[in-house]
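Those protein sequences? They're chains A and B, same order as listed. If you're matching positions, the first sequence starts at 1 in the numbering used here and goes up one per residue. If you're matching positions, the second sequence starts at 457 in the numbering used here and goes up one per residue.
Possibly wrong hints are sitting among the right ones.
What the hints assert, rightly or not - Just so you have them, the derived chain B footprint on chain A, three or more residues with Cβ under 8 angstroms: (1) 176-185; (2) 280-289; (3) 355-364.
If you are wondering where the hints come from, they were derived from the structure by calculation, not from laboratory data. Ideal Cβ placement from N, Cα and C applies to all residues, glycine included.
2 protein chains.
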Amino acid sequence: MSNKSTNPKGTKDYGPSELLSLRFIINKIRNVFISFGYSEIETPSIEKRATLYEKYGDEGDKFIFNIINSGEKVKKADIKSLSAGKLNQFVSSISEKGLRFDLTVPLARFVAQHFNEIIFPFKRFQIQKVWRSDRPQRGRFQEFTQCDVDAIGSNSLFLEYEMIQIYSKVFRELGLKDVKIKINHRQILNSIANKIGISDSFNEFIVLIDKRDKIGSEKLRNLLRNDLNIKDSHIDYLSELFDYSGKFSDLINKITNEFSDALSIKATEEINKIYEMMENSDELVEIEFDLSLARGLNYYTGIIYEVVAPGSSIGSLGGGGRYSDLTKSFGVDNLSGIGISFGLERIHLLMDEKNLFPSLKVLSNDILIINFDINFVNEIEQIIYGLRDLGRNVFVFPDSIKISKQFSFADKNKFNFVIIYGQEEKDRGSIKIRILDNGSEKLFKLKNFVHEFSKM
Amino acid sequence: MSNKSTNPKGTKDYGPSELLSLRFIINKIRNVFISFGYSEIETPSIEKRATLYEKYGDEGDKFIFNIINSGEKVKKADIKSLSAGKLNQFVSSISEKGLRFDLTVPLARFVAQHFNEIIFPFKRFQIQKVWRSDRPQRGRFQEFTQCDVDAIGSNSLFLEYEMIQIYSKVFRELGLKDVKIKINHRQILNSIANKIGISDSFNEFIVLIDKRDKIGSEKLRNLLRNDLNIKDSHIDYLSELFDYSGKFSDLINKITNEFSDALSIKATEEINKIYEMMENSDELVEIEFDLSLARGLNYYTGIIYEVVAPGSSIGSLGGGGRYSDLTKSFGVDNLSGIGISFGLERIHLLMDEKNLFPSLKVLSNDILIINFDINFVNEIEQIIYGLRDLGRNVFVFPDSIKISKQFSFADKNKFNFVIIYGQEEKDRGSIKIRILDNGSEKLFKLKNFVHEFSKM
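Model the full assembly from the supplied sequences, consistent with the hints where possible.
Dropping the structure here:
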């Protein structure tokens with residue numbers, strides 16, 4: 001088998017039974033989204049370069065998959081840029097489109113484009129694939145599914161709380177009650193950056209902090225020192241905030257005392273208000289206010305979230321936050337949005353690890369028709385249609401091979417029933433059914449078989 | 457709004473209500489597939505270049521979307537090929553992956569890769585997106601969804617018939633009873649090509665015939681004359697076969713008489729047997745044996761199908777056929793396959809044109825909670841959870857704006873109920889509900905509201 005090809009690294013094939021468990025998760029998530037009043041939309045996988053770029057920040061942009069212009073258009077390749085090492089410029093000379101990196105930027109584009117048809121506040125969800133040319137490893141895919149729920153056109157802090165409700169509801173329904181939602185506020189990170197004098201490098205600061213979980217505290221210290229020239233006393237200060245493990249109220253008081261500008265006050269008030277709303281509820285998973293939570297993407301402006309599974313090597317199960325200005329880059333001002341995302345494949349991995357899937361049955365493997373000869377199958381065609389009309393799923397074995405082999409196929413695929421109609425049955429005007437569960441057989445008159453079967 | 461960006465040409469955004477009609481079609485198709493005993497799989501959108509290329513023929517290959525290698529890898533761009541005008545070679549120097557062009561080649565790759573896990577015959581279906589860099593126009597998309605059903609590992613002619621059953625069942629269930637399934641046999645086209653002495657250019661011949669519906673008979677004549685050097689008498693002969701409008705039996709007799717080699721005899725026997733099986737059934741849509749049906753892709757070897765909607769400008773609604781050798785190119789011999797595809801977006805367009813969608817309701821727009829203030833909403837949180845547990849979908853209006861505006865939002869979005877809980881209701885320990893259908897209102901005790909609502 002010399003030419004054997006495989007699926008690309010960082011992608012995954014789903015066979016029938018594995019797809020069922022994936023669908024199990026999707027259905028739970030979709031139903032929660034709907035139950036919270038969100039409506040589903042879909043956008044194309046491909047977006048124009050102008051839509052995708054300069055929204056995520058350098059860190060995002062560099063992982064976008066670019067599509068080569070078709071046909072003669074590649075002749076416009078900017079070879080000078082290539083030889084000058086300006087790879088982005090070279091790529092942009094032969095690529096007008098790319099695969100979406102997330103569902104948030106396409107949502108902002110959708111909202112701006114269809115602005116006049118949408119009734120705001122617009123609560124939408126979207127369950128579709130995204131692509132990132134990140135280095136693949138366990139739990140990190142190049143093609144994966146995001147399940148996003150967003151509300152656009154409202155500043156209400158209730159939505160910040162609702163996102164926590166949605167995360168909690170989904171993970172509890174999936175049996176993952178021990179996940180933890182980390183929250184932070186971009187404005188507080190801003191205030192911290194100001195305080196240590198690196199507000200000009202805020203985006204780089206965010207990208208570095210975001211790597212903390214991957215690289216560890218020590219390496220982060222080095223990066224902060226070397227890349228951003230932060231002095232040691234400030235790094236110590238950051239470590240103190242990032243590694244804080246005391247009570248929420250002490251940490252929020254510390255922040256409140258240290259930052260007294262209007263934006264910081266508003267941010268701490270928002271965090272406080274969210275905690276206040278949570279007090280009434282026993283439906284939530286654990287929440288942790290974590291100043292080291294940064295989220296790598298540029299567009300967040302307020303509260304940010306990330307869901308982690310303590311004790312698991314699988315990365316974050318989802319994340320999100322408030323983005324106040326995202327539609328502005330598509331020409332629509334003053335339209336704040338907030339949203340969270342669930343990483344389907346990672347949740348799937350984690351649930352698989354924890355054996356959380358109920359035994360799911362491949363629906364199509366219900367009734368198998370033994371094939372003695374095409375003509376026999378053809379004769380009972382009306383019966384087969386009748387069974388399907390009853391909602392039963394009927395698999396006609398295509399080849400008239402040895403009967404024992406056909407039965408073995410039925411066993412391996414865990415069919416419920418096997419229907420036997422050959423010369424013997426035909427001569428007697430009957431049809432035989434075997435119940436694979438217990439091996440028992442029943443003989444029916446051909447005429448009223450479907451009716452009799454429906455009563456079984 | 458200067459920066460307004462739009463979705464790329466040849467792609468489509470689906471808002472909530474349009475997505476519902478798309479889902480309506482998908483569910484019908486999926487349920488038919490399952491009822492015929494087929495199991496669902498999913499494969500990645502991205503495949504390796506080696507998987508995709510040289511499977512479809514030049515005509516397919518040239519419409520594959522290529523993805524540019526990430527990061528430093530583009531430095532390997534083969535500039536010499538570019539300046540020599542060898543664009544394919546240039547593209548292959550900077551692209552190792554592409555977007556799948558159909559679901560059949562990925563299926564063949566899947567079957568070869570997972571050969572040892574699969575129990576044959578493998579009846580699978582797959583409903584996923586495919587991409588083609590074809591020039592976009594009405595009904596021709598660059599990103600679209602194929603709904604494919606295939607059986608691998610059996611030569612049984614019953615499957616040729618089953619594909620007709622599946623097409624018929626789906627289109628009848630969708631209310632498109634007047635579609636027509638054209639069928640032909642690649643071997644007969646082969647025999648015809650042999651007869652007129654162009655067997656060496658068979659693939660080019662197929663590609664040209666495939667264009668007939670688009671370009672018309674007259675232009676096809678010119679192409680056959682100029683591109684393939686077919687002489688006029690042979691072109692007349694082809695026209696006679698292609699434009700044949702008489703009885704099936706006369707045409708098949710003509711073919712049987714003219715071609716007496718073993719392969720042709722087998723092919724006509726297959727066509728005859730399929731017609732024989734169809735005789736017993738009144739569940740099928742119209743079938744037409746059409747010698748001008750070619751299908752543009754290289755991998756077909758036997759019976760081929762195409763579904764058209766007479767009187768519509770939308771192109772074919774689906775197609776497929778028998779491919780005996782496709783897994784061979786992935787290192788697995790002797791594994792014949794057959795399958796058909798449904799073009800989702802085109803079916804959607806056609807059904808929309810014919811007003812065939814039932815009135816579908818956006819599920820999430822069920823109960824709206826009026827927001828007098830976040831605190832009031834927070835107080836009835838347990839009630840909201842209770843309603844959701846009943847299976848109801850509850851949309852909390854996020855902002856405490858003017859009540860009339862919130863009601864207007866509920867009206868525009870066709871909510872069923874509005875729940876009112878403000879100071880007045882709080883003071884009375886009650887909760888009010890308005891039924892938007894008739895404008896009536898009901899007052900409930902706060903305590904047992906969920907229970908009372910469940911009985912409404």
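Hint check results:
1. Requiring three or more residues with a Cβ within less than 8 angstroms of a Cβ of chain B, the coverage given for the stretch 176-185 of chain A is violated, as only 0 such residues are present.
2. Counting residues of the stretch 280-289 of chain A whose beta carbon lies closer than 8 angstroms to any beta carbon of chain B gives 3, which meets the minimum of three for the stated coverage.
3. Residues of the stretch 355-364 of chain A with a Cβ under 8 angstroms from some Cβ of chain B number 3, which satisfies the need for three, so the listed coverage holds.
The structure fails hint 1 only (numbered hints given earlier).
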